[in-house]
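Place chain B on chain A using the hints.
Chains as they are written, first to last, in the numbering used here: chain A, 587 to 1063; chain B, 587 to 1063.
Worth double-checking, as some hints may not be accurate.
Identical copies carry no separate label here, and so any pair may be met within one copy or between two of them.
[Claimed, not checked] Simulated pairs of lysine to any residue, SDA-like, Cα-Cα distance not exceeding 25 Å:
hint, residue 1, residue 2
1, Lys961, Thr819
2, Lys783, Glu762
3, Lys694, Pro879
4, Lys1012, Arg701
5, Lys657, Ser669
Hints are computed from structural coordinates only; laboratory data are not their basis.
Protein chains: 2
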Amino acid sequence: MTVSSVAELLKSDLFLQEVAVKGWVRTFRSNRFIALNDGSTINNIQCVVDFENTDEELLRRITTGAAVSIKGTLVESQGKGQSVEIQVSELEILGDSNPDEYPIQPKKHSMEFLRENAHLRVRTNTFSAVMRVRSALSFAVHKYFQENGFNYVNTPIITGSDAEGAGEMFRVSTFEANKAPLTEEGEIDYSQDFFGKETNLTVSGQLEAETYAMALGKVYTFGPTFRAENSNTTRHLAEFWMIEPEVAFMDLDGNMDLSEDFIKSVLAYVLENCKDDLAFLDQRFAKEESQKPQAQRSEMGLLEKLRFVVDNNFKRVSYTEAIDILRNSKPNKKKKFQFPINEWGADLQSEHERFLVEKHFKCPVILFDYPASIKAFYMRLNDDGKTVRAMDVLFPGIGEIVGGSQREERLDVLKEKINAMGIEEKELWWYLDLRKFGTAVHSGFGLGFERLVQFATGMGNIRDVIPFPRTPQNAEF
Amino acid sequence: MTVSSVAELLKSDLFLQEVAVKGWVRTFRSNRFIALNDGSTINNIQCVVDFENTDEELLRRITTGAAVSIKGTLVESQGKGQSVEIQVSELEILGDSNPDEYPIQPKKHSMEFLRENAHLRVRTNTFSAVMRVRSALSFAVHKYFQENGFNYVNTPIITGSDAEGAGEMFRVSTFEANKAPLTEEGEIDYSQDFFGKETNLTVSGQLEAETYAMALGKVYTFGPTFRAENSNTTRHLAEFWMIEPEVAFMDLDGNMDLSEDFIKSVLAYVLENCKDDLAFLDQRFAKEESQKPQAQRSEMGLLEKLRFVVDNNFKRVSYTEAIDILRNSKPNKKKKFQFPINEWGADLQSEHERFLVEKHFKCPVILFDYPASIKAFYMRLNDDGKTVRAMDVLFPGIGEIVGGSQREERLDVLKEKINAMGIEEKELWWYLDLRKFGTAVHSGFGLGFERLVQFATGMGNIRDVIPFPRTPQNAEF
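Isolated chain A, as found in the complex (with noise of 0.2 Å):
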C-alpha cells in the first residue's frame, strides 16, 4: 500500500479507504488517540487505536517522539477541527521514544533550551512552521527572479579580496594553528597556503554580482555571508544567507522599484502558499506581543502586517527630508534620542530608522540620497558631490532590511574614493576593469534573507529563524 502524507491524507475525501501513513507521535492521550505528524504540514492527523485489542507493551510504546507507522481506515472525523481521521487497523513503533529521556515534550521550552537542541527543536510546531516558511520565501525568492529574467550567480564563498569592505571577516587556511611558515623576511609566507594567497570568508558578493551583471545584464545571488563581528544582539549573525540582485542599464529609481516590488512579491507567495503555518505563527505571535508591555506592542497582528506590507505603496524620503523629520520630532526635542540629530550628515541609528517607520510614517520606509561621508566607496556620487545613489529600505520591527546603491560607474570618479579610502587600484584591477570596457549606469541592493525570514514569521530573534545558528562563542552541530 501507498504511504501517504499526512498533508495529502488531510486534504482527501477518500472515506473508508484503507490508507497508510508514517510519522511522529506528537501527543497520545487516553490510551486511544495518537496526533501523528510527519512535517509535511504543521496539523497533525488523529488516529484512534483500539486499545481493548492493542496488546499493553505496545501501547506504552506510543509516545511523544516515537516514530510509526500505521495502517487504517480513512474516515469523517468526530471531533472538530479535523476533517478526517484514521481508524487504525495496523501500528508498528518503528523507533522509541523514551519519554524519560525525550527533551521535546508537549510542553512550552524556553527558547534557549530549544536553541541548545537545535537538531530537536523542528519537531516543534513553531519551529516546524519557521523552517517550511523560510523554504517557501527561498523558493519566492528564487522564481520572482528567474520569471523577471534574472540569472542565478554563485559568487565566491573563500575570497582573496579584501576590499569589500562591509565588515571584519574570517579567515580561512589550511595552515596548522602557530605553524604557519615565515618568509626570509620573517613574514607569513601565504604563498604556501592552500590558495597562495590570503583568503577569508565572503562578506558580500555585490562586487562579483556587477561583473555578471555587466555581461548577463540581470543576476541575484543567494549565498551564505559572514561577519566576524562580536554582536552578540537578536538582529546578527556570523553566519548568514544573503539575496544580491545587481541589474545593468538600471539607476537608483529602478532599483527602489525592484526592491519594493520583489519583497511584496515574495511576501505574497508565502501569505499564498504557508496559509496553515502563518495562522499557527499568527496566534502565536499575538499570544507573544500580549505577553509585552502595552507601549510596546506591535499595532498590527502578523498577518495584518504582511498584508499591510504587500498591498501598501512604500514611503520614499530623502535622507536629507529624514534628517528635517528627525529633527523636529519630539523624541529629539525632547531629548530621547540615545544619539540626538544635530545635523545633516549624521549616520541614522537604529532607534531613527524605527522612529521614521513605525511612529512617524508606519509603513516600510526607503530612504535614499544618504551623505557620501557614511557609505561605501563603489556608490554613485550625486551632482551635488556631497550625496551618493544609495537607499535603505526600513522595516517595522526589523530596521533596515535592505541596503543598495547605483554603483559609481565612472572610472576617474571610482579611482579617486578608491585612493582616497586608502585601498591599492591593482586590490580591485578587475572591478576597474568593468568601468574600463563598456562602463554603465548600473544598481543592486543587498537583502539579509534571515530578516525577512523574521519579518514574515513575526520571531523576534534571528537565531531562531535558521536551522543552526553561528554566533560568538557559538558552533554547535
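Positioned in the frame of chain A, the structure of chain B alone reads:
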C-alpha cells in the same frame, strides 16, 4: 520609451514600431551592422546604422565591448538566420571599450586566458550560455524539490563538527596568523577564538540535514561545500555547490528512484527552457569532439546525450555484479586497467566506472550495495554483515555524479561503527540522538552541482562551469 531586452525584441513582431534597447557591441562590421547583446539571450540583435548620416567620431567608438543605448525602428530582417533587426535612429555610447586594451576580442581565446579573465569571460558566447544554463539548472533543482514536498534547509557552512569525514577541511578562525593564544598547557586556546572552539568549512550538510529530515520528512540542501585537497584535475574544485536531499521513511530503492527521477527532471527542464543556449553548446561540443582522436570522441552529441539520459532507465547493478563484469572484462584480462580488478572488496577507480558506463552498459549506471570497508560510517549495514546500502550514480564522461545511501538507523550498530572509526561518541551526540528518539529508516544522496552543469553543457573542465573557481593556488577575484 520603455527599454526592451534583446530576447523580447527577437521574439517580437511589432514591425515598424519604435523600440529602445541597451547592451554591448559584440561586433561591428562594414561600418554599419552592430551585433548587439545584452545577456538576456545568446542571440544578438542586428542594429543597422545609417553610417552616411552618422558622425565619424561616433562610428569609431562603436567597438567590441562598448556599451550603447539604441533607439530605432523594428523591421523584418534582410539577413538570414534572424527575423528582426533595428534601423537605428539614435545611438549613444554609454561606455567605450578601447579595442587595443579590451581582452575579449571576437576571436578564439584559450580557456586558460579566459580563466585569468573570469570577470570578463562571461561576455563570450560560450560562458554566457554555460552560466545561463547553470542558472536554469539551479532553478530546476529548487522547483523539483519544492513541487515534490521537500523543504529547503540551509545547513551550516562553518562547522564545529569534525566527524563529517568526507575530506580535508579548511580552518576558519579570527586568530591572527601565528598569534593564537595558548592555554597554560601550551596548547592552542580555541576558547578564545571567535566560536570558542575549532571550526572548519563544511564538507557536507548531510548529518545536519538528517536532523531536519527526521522532523520535516523530506528536505534538501543546496549550498557551497569545501575540500582542502590538493587536486589539480578537471573534475575537482576546492569550493563547489552540492545538493543533498534527505528523506525519512525512504529506503535505498526509494533513494535510487529519487536520484534517477531528479536528474531526469532537471535535465528535461533545461532541454525545454534553454533551447538556444544548448543549441549553441551542442555545436561547440561537436567542434571540440571533432578535434579529438577518433577513439576518444563522444559517441553522442551533447543534446543527444541529454535526451538519452532523460528518456532511458538507469541501469541498476550491485557492486558484486559490477566486480564480476570488471574481472571478466577485456581491459582487465589484457591488463589495460591501471588498477587491475582481482577480488571482491576493491575500491572502484574512475577507469572502472567509465568502462561500466561508457563501454559495457552504455547508459547511466547506479551501483549499489558496496563493501562496508570502503564506505562511510553512517551507511546502513546489510544483513550480510559485509555490505552497506550505498549507491553511486555514474555518468558517461563525468564518472560519479551522485553518492548516496540508506543511513544506519540502529543506535547500537551506529555506535559500534563510530567506535571502530575512533570517533568519540560525544562528538556526535546530536546525531546519535536521532537514533535514540523516534528513529526510522531514512536515506539521501549528494550531487555535486558543477558536475551536473558540466554534463548539461558539455564543458570538459569543471573550472569553466562556476563563475570564479577556487583551486589550489588560485583564489583570484
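Hints and how they fare:
no.	hint	in the structure
1	Lys961 - Thr819	within (23 Å within a copy, 42 Å between copies)
2	Lys783 - Glu762	both (15 Å within a copy, 15 Å between copies)
3	Lys694 - Pro879	within (21 Å within a copy, 69 Å between copies)
4	Lys1012 - Arg701	between (44 Å within a copy, 18 Å between copies)
5	Lys657 - Ser669	within (18 Å within a copy, 61 Å between copies)
Checked against the numbered hints given earlier, the structure satisfies every one of them.
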